[in-house]
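Engineer: Based on the sequences and whatever the hints tell you, model everything.
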Amino acid sequence: MKKKKGKSKRNNREYTNVLWIITGVFALMIGYLAWFQIMESRDVINNPYNARLDTLEEKVIRGNILASDGQILAYTRVDSDGTESRIYPFDCTFSHVLGYADYGKTGIESLGNFQLLTSNAYFIERFINELQGEKNIGDSLVTTLDVDLQTAAHDALSTRKGAVVVIEPSTGNVRALVSKPDYDPGTVAENWTELSTSKDSILLNRAMQGLYPPGSIFKTVTLLEYLREHNMNEAFSFNCTGSVSVGNSSISCYHGNAHGKLDLEEAFAESCNSAFAEIGRDLDVEEFQGLASQLLFNSDLPLSFPYSKSSFSLKEDDTDAIKMMTAIGQGDTLVTPMHMAMLVSAIANDGVLMVPRFLDRTENYTGQLVERYSTETYGALMTQEEAQLLQEYMRAVVEEGTASALQSDSYTVAGKTGTAEYSSDKSKSHAWFIGYASGSKPDLAVCVLVEEAGSGGEYAVPIAKRIFDAYYEE
Amino acid sequence: MVNIITDLAKYVMIILLAVYTLLGFRLVRKPQEEKRAALWTQDFLLFALQFTGNAVLFLNTENEELLYFYGMQLLAFLIFLLLQRIVYPRSDKLLNHNLLLLLSVGLLMLSRLSFDRAQRQFQIAVLAGGLTFLIPWIIRKAGRLRELYWVYGAGGLLTLIAVLILGNTAFGARLSLTIYDVTIQPSEFVKILFVFFVAGMLYETQDLKRVAITTCAAAAHVLVLVLSRDLGGALIFFVTYLVMLYVATKQPLYFLAGLGAGCVAAFAAWRLFSHVQARVLAWSNPFAVIEEEGYQIAQSLFAIGTGGWFGMGLGQGMPNKIPVVEEDFIFSAIAEEMGILFAVLLVFVYLCCFYMILNIAMCLKDAYYKLVALGLGTLLIFQVFLSIGGVIKFIPSTGVTLPFISYGGSSLLSMFAVWAIVQGMYLKRGDEVAENEKEKGQIKKK
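Residue numbers (the working numbering), protein chains in the order written: chain A, 17 to 490; chain B, 454 to 899.
Careful, some of the hints might be misleading.
Unchecked claim - Computed list of lysine-lysine pairs in DSS-like fashion (alpha-carbon distance at most 30 Å, straight line):
| no. | chain 1 | residue 1 | chain 2 | residue 2 |
| --- | --- | --- | --- | --- |
| 1 | A | Lys75 | A | Lys177 |
| 2 | A | Lys121 | B | Lys774 |
| 3 | A | Lys442 | A | Lys331 |
| 4 | B | Lys483 | B | Lys703 |
| 5 | B | Lys703 | B | Lys594 |
| 6 | B | Lys774 | B | Lys891 |
| 7 | A | Lys215 | A | Lys177 |
| 8 | A | Lys75 | B | Lys774 |
| 9 | B | Lys594 | A | Lys151 |
Claimed, not checked - Part of the chain B face toward chain A, derived, beta carbon under 10 Å:
| no. | residue |
| --- | --- |
| 10 | Asn456 |
| 11 | Val700 |
| 12 | Thr702 |
| 13 | Gly770 |
| 14 | Phe807 |
| 15 | Met815 |
| 16 | Cys816 |
| 17 | Val837 |
Claimed, not checked - What follows is a list of derived Cβ distance ranges for each label pair:
| no. | chain 1 | residue 1 | chain 2 | residue 2 | range |
| --- | --- | --- | --- | --- | --- |
| 18 | A | Ile37 | B | Glu487 | 26 to 32 Å |
| 19 | B | Leu535 | A | Asp70 | 34 to 40 Å |
| 20 | A | Val41 | B | Phe478 | 16 to 22 Å |
| 21 | A | Asp70 | B | Leu461 | 20 to 26 Å |
| 22 | A | Trp36 | B | Leu584 | 33 to 39 Å |
No lab work stands behind these hints: they were computed from the structure.
By construction, the Cβ of each residue, glycine as well, lies at the ideal position given by its N, Cα and C atoms.
Structural biologist: So this is what it looks like as structure tokens:
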């Protein structure tokens, strides 16, 4: 847009500047639109409020959902009269993670709705189908889920309410995700009234959205805070008498057992409430809050499923009693099993959290690759040294503490148990276990929560064991 | 079968518009006498696009009235081109083409969204074409109109104040007046007066006193619009003034200072007014407030995203899910059904118009008309920016119509006026060149 004549060039310099500025602004705007379409649009349009996706169903037969090894987890059967029905060959086993597609959409059925309703079949074939007015076959989604692990977790939880999350720490691949009570995703539409009004909140995905007091698994966080505030070589010694008094009340160890003289590792391995309550009273609250938010309490998680945020609300002017309760995981803190699985997965991965990943790739219905979804690093939740120290302490829990049932010849486990009281009735508690196993295959992190069961060592640990056994001994 | 044709047609339409746009850009700075072939090609592409779009729409709706309507449009377009050729043989053909192209795309999309509104829009377009037909001639001949700048400034400001006090309220803003059953949005016309006012103030002298007075008057316009809650209008006046001030005074500092003041004012508005906060909230994360403030933006993004690069095909999407789709959000409807590529090409057509108007400004010798052309060009392109930027969530939505495409009588009529004034200045430029040649007694080749 430059003028050839010198004089008018001088007169028109401001016009040229305006022209370039406007061009620049429009370039940014068009660039933004392109960026939106390439990077953002899929997440945006996979929204239950987007009625447009329903119209795709008129043109495309919903694609299959596959396990990581190719086993079919969900497919659409078309009867001779053209009626379509969604079939889930494993019935209830994958209920919450797959979700349902018949009455609104949840789980992977919702997460991958657009891919499932898009056909990347061979071009000519699609053209012929359209010409004949027939539907095309939607793409298949290959998930990261493992049938054996999911089945093991599902069976182990049996008839109890609770949740299990299994993640591969090095990739973030979600290998299993169970929430109980469960349902058959294929019959949701028929049983809707019953499912949606049940007192047990059957449709709630407890792994992602259930908020529970963490109990002693939270001692992992307290321990990390203690290690940060104190010189790591500083000798810690505590004499446990079975309880410590706090103002008018007291905090006692499980079943009132006196653990005797303990160092820090023993206190963690034995899950000594008295010792950790003492530790909690003297922690720097501001730093503790800082650590909690680093570990993704009160914050958004990198998840594309609906989830609840874990909450940690300790304040400077809280009483000693609240500080001590919080340190042993019995304060106002609430966590989701998914968040705890991510935490232990980061510890196992030397502090680095990988973004949990449900979808591996999209293929067209003949198995040709359409798109692969890469693994994604979220970032370090703690330093490598800190993670490795926690690994040692968690190892001690299995070697000499509350999770000794997980000792095995074929793999090595590190973890932490928890027994979380959730009401004034102290005999009732949720059983927790978080931990990871190493062995001949990539590490596997698990988080087990059993509602209203009893101690973590008794009820959660055996479930973790069945999962690890299934993984390493197949 | 209809599906296949609809599918194929969307690619055809993208290609037609792409070639059209490319030719347009190549024509911007060429004297049109040298490019007759390209202009004829554009004529063809224009009508081919109009035909394809309407044919697909007819196949999808099977509404026979659409055929008559298409015939009427075709006839009107042909008459328009013919009259232009007879009355203004030296007018800018490319500008005429762009006008018709934007109109035809607008009418096509409106026919799909609401056939009644499309017909109404067409009537207004014909009326506007008639009303503005003599404007180029007036601009060319009536040089003394520039001395009336105080009338433009005071008249415009008083009109805006009248709307603020007497206007009808819609979506929380006072934008329109109803006179004898006709509802108009006066700010659409005051915009043009404002450009003439500023040009009249600043084209001869740019001393501090004059700049200060003009700035106060401009600020008054903006303030009244902010009080009427017409944020988009206020921004258009503000930016148009800044650009004109900068070019007239050649002082980048004025521009930067104005921009700074604008940012402070925007921040203050955000702190003070809940309706500004709602817009910002809907922009920053529409999906978090999808039930309320974010609903419209979210629906707009669903439309654009689901349509993708090539669109769902005319009649195959759900653009009516977007509230106010015929007015402020028509760009999303176009992107949804005709594709993001088509929509981006339309943006290029607007840019092409802007380059042409600026080119006219640069070629003119008369400082007054140089400023007027610049002001009108800025007005047009900035309105396009606000409208499109808002619906794609690039910037907070300010509720601005898309020139020549959105449904709305005042908007359409005022844009016709802008087009006619620009056309007049193009003729003026031709006169200047002719005079110049006479003086020098030689033919200059550019």
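Engineer: Against this structure, judge whether each hint is valid.
Structural biologist: Now for the hints, and whether the structure bears them out:
1. The straight-line distance between the Cα atoms of Lys75/A and Lys177/A is roughly 40 Å, outside the 30 Å bound, and the hint therefore fails.
2. For the proposed pair Lys121/A and Lys774/B, the alpha carbon gap of about 20 Å is at most 30 Å, so the pair holds.
3. Note on Lys442/A and Lys331/A: the hinted pairing holds, with a Cα-Cα distance of about 25 Å set against a maximum of 30 Å.
4. Only pairs whose Cα atoms come within 30 Å are accepted, and Lys483/B paired with Lys703/B is accepted, the gap being roughly 28 Å.
5. For the proposed pair Lys703/B and Lys594/B, the alpha carbon gap of about 29 Å is at most 30 Å, so the pair holds.
6. The suggested pairing of Lys774/B with Lys891/B is violated, with an alpha-carbon distance near 60 Å, which exceeds 30 Å.
7. A distance of roughly 12 Å separates the Cα atoms of Lys215/A and Lys177/A; the hinted pair therefore holds under the 30 Å criterion.
8. Pair hint Lys75/A plus Lys774/B holds up; C-alpha atoms about 20 Å apart against a cutoff of 30 Å.
9. Restraint check for Lys594/B and Lys151/A: not satisfied, since their Cα atoms lie roughly 64 Å apart, outside the 30 Å limit.
10. About 5 Å separates the beta-carbon of Asn456/B from the nearest beta-carbon of chain A, less than 10 Å, and the hint is met.
11. For Val700/B, the interface hint holds, the least distance from its beta-carbon to any beta-carbon of chain A being 4 Å, beneath 10 Å.
12. At about 9 Å, the closest approach between the beta carbon of Thr702/B and any beta carbon in chain A falls short of 10 Å, and the interface hint on this residue holds.
13. For Gly770/B, the interface hint holds, since its Cβ comes within 10 Å of a Cβ in chain A; the closest pair sits about 7 Å apart.
14. For Phe807/B, the interface hint holds, since its Cβ comes within 10 Å of a Cβ in chain A; the closest pair sits about 7 Å apart.
15. A least Cβ separation of about 5 Å between Met815/B and chain A falls short of the 10 Å threshold, and the interface hint therefore holds.
16. For Cys816/B, the suggested interface contact is upheld, since its CB lies about 8 Å from the closest CB of chain A, less than 10 Å.
17. Residue-level restraint check for Val837/B holds (minimum Cβ-Cβ distance to chain A is 9 Å; threshold 10 Å).
18. In this structure, Ile37/A and Glu487/B meet the distance hint of 26 to 32 Å, their C-beta atoms being roughly 30 Å apart.
19. Distance hint check: the CB atoms of Leu535/B and Asp70/A are about 48 Å apart, inconsistent with the given range 34 to 40 Å.
20. The beta-carbon spacing between Val41/A and Phe478/B, approximately 18 Å, falls within the hinted interval of 16 to 22 Å.
21. A hinted range of 20 to 26 Å holds for the C-beta pair Asp70/A and Leu461/B, which are about 25 Å apart.
22. Distance hint for Trp36/A and Leu584/B: a CB-CB separation of about 35 Å, consistent with the stated range 33 to 39 Å.
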